[in-house]
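Chains as they are written, first to last, in this note's numbering: chain C, 1 to 250; chain F, 1 to 612.
In case anyone wonders, no lab produced these hints; they're calculated from the structure.
Hints are not guaranteed to be accurate.
[Unchecked claim] Below, computed lysine to aspartate or glutamate pairings styled on DMTMM-like, alpha-carbon distance capped at 25 angstroms:
{"no.": "1", "chain 1": "F", "residue 1": "K384", "chain 2": "C", "residue 2": "E73"}
{"no.": "2", "chain 1": "F", "residue 1": "K384", "chain 2": "C", "residue 2": "D56"}
{"no.": "3", "chain 1": "F", "residue 1": "K391", "chain 2": "C", "residue 2": "D193"}
{"no.": "4", "chain 1": "C", "residue 1": "K120", "chain 2": "F", "residue 2": "E291"}
{"no.": "5", "chain 1": "F", "residue 1": "K447", "chain 2": "F", "residue 2": "E511"}
{"no.": "6", "chain 1": "C", "residue 1": "K125", "chain 2": "F", "residue 2": "E291"}
[To be verified] Stretch-level coverage of chain F by chain C, calculated; a stretch enters the list once three of its residues show a Cβ under 8 angstroms from a Cβ in chain C:
{"no.": "7", "stretch": "101-112"}
{"no.": "8", "stretch": "531-541"}
All values derive from a computational prediction rather than experimental measurement.
Ideal placement from N, C-alpha and C gives every residue a C-beta, glycine not left out.
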Amino acid sequence: MLQIRNLTKIYDGGVKALDNVSFDVPDGQFLAVIGLSGSGKSTLLRCINRLIEPTDGQILWNGEDITKASPEEMRRIRRKIGMVFQHFNLVHRSKVITNVLAGRLGYVNPAWSLLNRFPKDDIEKAYKQLERVGIADKANHRADELSGGQQQRVGIARALMQDPAMILADEPVASLDPVLAHSIMKHLEDINDTDGVSVLCSLHFLDLVHRYADRVVALNAGKLVFEGLPKEIDDKKFKDIYGRDAERVG
Amino acid sequence: MKNNKKASPWKSLQIGLATLLGLVVFAYGFQITQVNLEELRSEKRQESLVRVTRALAQPEIFEYDQTEEIVNQPFYVTCPSSGSETNIPEPDTSAPYLVITPACANPGDIVQVEGFNFAPYTTGPVRFVPGSDPTNIVSLGRDTAETDGNGHFVVSMEIPDRPSDDVQYIRATLKKNVGAPHLTQTAYDTWDKIVETVFLALLATVFGTMLAIPLSFMAARNLMKTVKSPLTSIALSTLGWPIGIVIGFIVVRWVGGLSSGLGSNIWINLASIVITPVVVIFGLRWALPQEETALPGRALQITRLGVILLEVLIGFFGLFQLAALTMSIGKSLETSLGSFGFLGYFLFQVGDIITILTPALGALAAGGTLSNFMGRIGQLASEKLPMATTKILNIVLSAAAGATVLGLIGQLVEWLYQIGNPLYVLWAPVTVGAIAGLLLAVFTKAKESLPIGLVIYSITRTLLNTMRSVEALVMAIVFVIAVGIGPFAGVMALGLHTIVSLAKLYSEQVESIMAGPLEAIEATGANRLQTIIYAVIPQIVPPYISYTMYRWDINVRMSTIIGFVGGGGIGFLLQQNINLLNYRAASAQMIAIAVVVSIMDYISSVMRERVV
Ligand SMILES: Nc1ncnc2c1ncn2[C@@H]1O[C@H](COP(=O)(O)OP(=O)(O)OP(=O)(O)O)[C@@H](O)[C@H]1O
Ligand SMILES: [Mg+2]
Numbered sequence: 001m002l003q004i005r006n007l008t009k010i011y012d013g014g015v016k017a018l019d020n021v022s023f024d025v026p027d028g029q030f031l032a033v034i035g036l037s038g039s040g041k042s043t044l045l046r047c048i049n050r051l052i053e054p055t056d057g058q059i060l061w062n063g064e065d066i067t068k069a070s071p072e073e074m075r076r077i078r079r080k081i082g083m084v085f086q087h088f089n090l091v092h093r094s095k096v097i098t099n100v101l102a103g104r105l106g107y108v109n110p111a112w113s114l115l116n117r118f119p120k121d122d123i124e125k126a127y128k129q130l131e132r133v134g135i136a137d138k139a140n141h142r143a144d145e146l147s148g149g150q151q152q153r154v155g156i157a158r159a160l161m162q163d164p165a166m167i168l169a170d171e172p173v174a175s176l177d178p179v180l181a182h183s184i185m186k187h188l189e190d191i192n193d194t195d196g197v198s199v200l201c202s203l204h205f206l207d208l209v210h211r212y213a214d215r216v217v218a219l220n221a222g223k224l225v226f227e228g229l230p231k232e233i234d235d236k237k238f239k240d241i242y243g244r245d246a247e248r249v250g
Numbered sequence: 001m002k003n004n005k006k007a008s009p010w011k012s013l014q015i016g017l018a019t020l021l022g023l024v025v026f027a028y029g030f031q032i033t034q035v036n037l038e039e040l041r042s043e044k045r046q047e048s049l050v051r052v053t054r055a056l057a058q059p060e061i062f063e064y065d066q067t068e069e070i071v072n073q074p075f076y077v078t079c080p081s082s083g084s085e086t087n088i089p090e091p092d093t094s095a096p097y098l099v100i101t102p103a104c105a106n107p108g109d110i111v112q113v114e115g116f117n118f119a120p121y122t123t124g125p126v127r128f129v130p131g132s133d134p135t136n137i138v139s140l141g142r143d144t145a146e147t148d149g150n151g152h153f154v155v156s157m158e159i160p161d162r163p164s165d166d167v168q169y170i171r172a173t174l175k176k177n178v179g180a181p182h183l184t185q186t187a188y189d190t191w192d193k194i195v196e197t198v199f200l201a202l203l204a205t206v207f208g209t210m211l212a213i214p215l216s217f218m219a220a221r222n223l224m225k226t227v228k229s230p231l232t233s234i235a236l237s238t239l240g241w242p243i244g245i246v247i248g249f250i251v252v253r254w255v256g257g258l259s260s261g262l263g264s265n266i267w268i269n270l271a272s273i274v275i276t277p278v279v280v281i282f283g284l285r286w287a288l289p290q291e292e293t294a295l296p297g298r299a300l301q302i303t304r305l306g307v308i309l310l311e312v313l314i315g316f317f318g319l320f321q322l323a324a325l326t327m328s329i330g331k332s333l334e335t336s337l338g339s340f341g342f343l344g345y346f347l348f349q350v351g352d353i354i355t356i357l358t359p360a361l362g363a364l365a366a367g368g369t370l371s372n373f374m375g376r377i378g379q380l381a382s383e384k385l386p387m388a389t390t391k392i393l394n395i396v397l398s399a400a401a402g403a404t405v406l407g408l409i410g411q412l413v414e415w416l417y418q419i420g421n422p423l424y425v426l427w428a429p430v431t432v433g434a435i436a437g438l439l440l441a442v443f444t445k446a447k448e449s450l451p452i453g454l455v456i457y458s459i460t461r462t463l464l465n466t467m468r469s470v471e472a473l474v475m476a477i478v479f480v481i482a483v484g485i486g487p488f489a490g491v492m493a494l495g496l497h498t499i500v501s502l503a504k505l506y507s508e509q510v511e512s513i514m515a516g517p518l519e520a521i522e523a524t525g526a527n528r529l530q531t532i533i534y535a536v537i538p539q540i541v542p543p544y545i546s547y548t549m550y551r552w553d554i555n556v557r558m559s560t561i562i563g564f565v566g567g568g569g570i571g572f573l574l575q576q577n578i579n580l581l582n583y584r585a586a587s588a589q590m591i592a593i594a595v596v597v598s599i600m601d602y603i604s605s606v607m608r609e610r611v612v
């Protein structure tokens, strides 16, 4: 169970990206985070694994307050939270398999990283994850030789290497075409269903939300403006979330 | 546009004024730099210019062995009054001889010098030898003789203004090349020095690069910005450095003593070199498990720490043994290998370097480790202890750290300037440091994370920028004073300059890497070291290589002139020859420099293309 309590983030410039946001995510839920560009979706997801330091509020995960964790504890918490990014964030010049193995860094002893050594089990596991997302044949290619869809699968494989209990996906399909978008979303859905991993996924397209999400939270200018089932988003709610002038498409 | 047109008279006036100002600046510049074309036109200058240019065009690279026939013919300048020409003996006509007509003359007269019986087709100077000694090496005049197929020549020469009552001489020195051309001594010397030059550049580049890489991370804002620590941790890790360095130095030196106590028996050395790595690897494998899901218990942690420490000591012991072995092998090779003795010399030096550097390495390693360890304790303390206790702890530790740092700086000043007054170089800095630390602890929140990374970043940047503005040549002068004339001073100077300039360039590359992968690796739970290895390094490899190549180019160029100030390499020879007006030799060295620089340039551009 992830509990967000009065979460506020004010950036150095004074921008209030999150304003007193509270909601819960039960284990195993697929939660969509929606909202206009600049509404604070990325900020919210990054506060959860503290890539961004929240200004105020609490993030309780199974009772442990993430915002209070020491660097050492943070390392243990982060390794259980996989993250998938809009721009994939692979290390371009490294091989695909190295990128996937990097998901294990929170577990391995840092001293061995100096020598670029991973345990045998991890390497096997990495090949298995690549198989699972369907690109085992690309293991020894350089990451930047892959297409966008393939790169995102590597990103998912990397997250899976962490044995995550939760995956944060920040617009994982925003840079992909609709067909690829569905294939990536299906991978996330499968991970959510078969492995029982909670997924927090920010999305721009409502049809994806309807198709994949169990529940939705919506942000507008940092404030939580909607929390409920996808089908509850009617025209009025839609205008609350996206503004008065927004038109529904698709 | 309209505005521009309106203001155009003003603009013209401005341009006019700027031009005038420019003219004045240039006029002043001409005066200051003493631009004087008159000097170029003067006949004396032109003559020497021609001479130097000609010499430069004939580099002293190849030469022939020569046979030389020298004949000194007695000669009177101003004829003796009594007409006693009989003083001059008849020449021996079976050997080469000279006939001068007339046999005596006044200064300024033209005489005809005829040579017979010389070897055919030889050339050489015909000169007047003043004084009454035929072996005198001083000679006057610039006439050149050239024999025909019969070994005969005729030259007209003007008699210089050297009247004397004694007999003087006219000397013909005819030379003939024999055999094939071969390299001159200058060529051999140049080769020696050019090799020295290339290796000077190589060593400076390698050492400079190795040290510049870690420095460049410290000078990269994007990496250091996120480094934050509570004051307890900062103070403790600051204290950890000096304590660790002292302990490390003492302990490693003790290990060194242990090692040399075993004597330089090759078999013992060999055995320890084989055994220690095995022991170390197995020990570390056990003490540093590759992956662990559960936190180990206290007892296990402490045992592991002990094992790691022991392994490190064993490792250092192995290093000392390795040094002893290389030194003894080097020594025996140096005598037995003959012309490849330099390999033995190299091994011996490597061993020596290891012996000297190991305690320093141990000191640094211990300093870093202890600092890291104490920092963690500080982190833990500030997490676990209550607010008030932390505050008091902070005040004490921060004051101690401040006092230590400033005290050490004071001691450095004392060592540099020998002020000799402990009030200024010890008590005052210690007090100021303590007060500064105290104030810092009082005015920050006890458990707040302070941006220590940015502080380190600023200090590193400032240091780099200051040092970078010092020319390598100036550094060379300093090092020549410190370690004496020779290539070692050059290596140090070029190495230091390489460190500071590369660290700056590298750090700019680190600052421009993509932030995405960094964020992604951090999100997996990787610590700082792992983030650098997996997200930063892959991104900076190509620019690092190309900058290193670029620096290698610069170092080769610099190393050719660093000898001008005594830093070794070919510059030393070049400067010497220029000062001795030996332009043909200087020309050979200039050609060597040009060849080496262009070859290096080519190699580095090829490699850059390959790698990047
Ligand atoms: N590093 C930063 N410093 C200052 N302001 C920031 C920073 N990052 C984001 N912001 C601001 O915070 C607000 C929320 O940004 P955020 O990136 O979370 O939005 P988002 O919902 O993810 O938008 P998008 O859909 O475009 O990705 C924006 O107004 C943005 O300008
Ligand atoms: Mg975003």
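Are any of the numbered hints broken by this structure? If so, which, sorted upward?
3, 5 and 7
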